[in-house]
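A.B. asks: Heads up: the protein sequence lines correspond to chains A and B, in order.
Just so we're aligned: 51 in the working numbering is position 51 of the first sequence, and the numbers increase by one with no gaps anywhere.
Just so we're aligned: 105 in the working numbering is position 105 of the second sequence, and the numbers increase by one with no gaps anywhere.
Do not take every clue at face value.
Said to hold, decoys possible - From chain A, some residues computed to sit far from chain B (all C-beta separations above 10 Å): (1) 22; (2) 55; (3) 61.
Stated by the list, open to error - With a straight-line Cα cutoff of 30 Å, these simulated DSS-like cross-link-like pairs (lysine-lysine) come out: (4) B:41 - A:56; (5) A:101 - B:44; (6) A:56 - A:106; (7) A:68 - B:41; (8) A:68 - B:44; (9) B:41 - A:5; (10) A:101 - B:54; (11) A:106 - B:41; (12) A:5 - B:54; (13) A:101 - B:78; (14) B:51 - A:101; (15) A:56 - B:44; (16) A:106 - B:78.
What the hints contain is simulated information worked out from the structure, not anything from laboratory work.
Being a predicted model, the structure only gives us computed values, none of them experimental.
By construction, the Cβ of each residue, glycine as well, lies at the ideal position given by its N, Cα and C atoms.
The primary structure of each chain is shown beneath.
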Amino acid sequence: DQQVKQNSPSLSVQEGRISILNCDYTNSMFDYFLWYKKYPAEGPTFLISISSIKDKNEDGRFTVFLNKSAKHLSLHIVPSQPGDSAVYFCAASRSGGSNYKLTFGKGTLLTVNP
Amino acid sequence: EAGVTQFPSHSVIEKGQTVTLRCDPISGHDNLYWYRRVMGKEIKFLLHFVKESKQDESGMPNNRFLAERTGGTYSTLKVQPAELEDSGVYFCASSQASGSLDGYTFGSGTRLTVV
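Using the sequences and the hints given, assemble the complete structure.
C.D. replies: Here it is, written out as structure tokens:
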């Protein structure tokens with residue numbers, strides 16, 4: 001049973017446009033959410049995060065939105081650049097306690113076309 | 001500062017053989033994690049060390065997998081005997097003892113192929 005779901009395996013966007021990547025979760029105990037970016041032959045790198053006490057967090061071109069009632073979050077990239085082409089993973093965790101285990105989705109391959 | 005280092009980057013072994021993967025965390029990071037991604041699927045948690053102690057090994061698939069972190073520094077993950085379904089990319093990550101989840105740093109992974 002997948003607790004974090006990324007239903008779009010891939011997304012293609014034109015350079016300069018907005019990229020919207022979506023993620024749904026089922027476990028209501030999750031209270032911290034992260035997005036990771038992964039290039040081929042590299043490990044995931046942290047991009048942006050959001051706590052469940054917020055509904056939006058921005059960092060430059062990247063914004064994450066959280067809708068707790070719908071158990072849904074999304075990552076907006078604007079404007080999209082060719083260097084943003086990568087696999088994006090949504091991850092969730094329970095931030096309390098000493099175990100920082102992450103539960104990941106399957107990832108969405110974003111391609112930004114010049 | 002050196003990042004999380006994993007060795008080897010690739011390994012191809014035959015079914016029934018033994019393979020040992022190594023992870024060197026960032027110096028001073030007490031938390032060390034192993035994850036695995038089977039092709040096309042999600043990245044799945046295997047286990048978590050705090051220093052040399054196993055904090056959570058709920059994700060270990062079965063007793064063919066053995067993880068150690070002697071002295072609380074580097075860690076090894078041994079698969080013995082390897083099966084075809086063990087193929088995938090094994091990631092190691094580390095974080096500081098009191099760090100936030102944002103401080104999780106992943107290595108580049110070891111791609112294991114069992115034939």
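A.B. asks: When the hints from earlier in the document are held up against this structure, which numbers fail?
C.D. replies: Structure breaks no hint.
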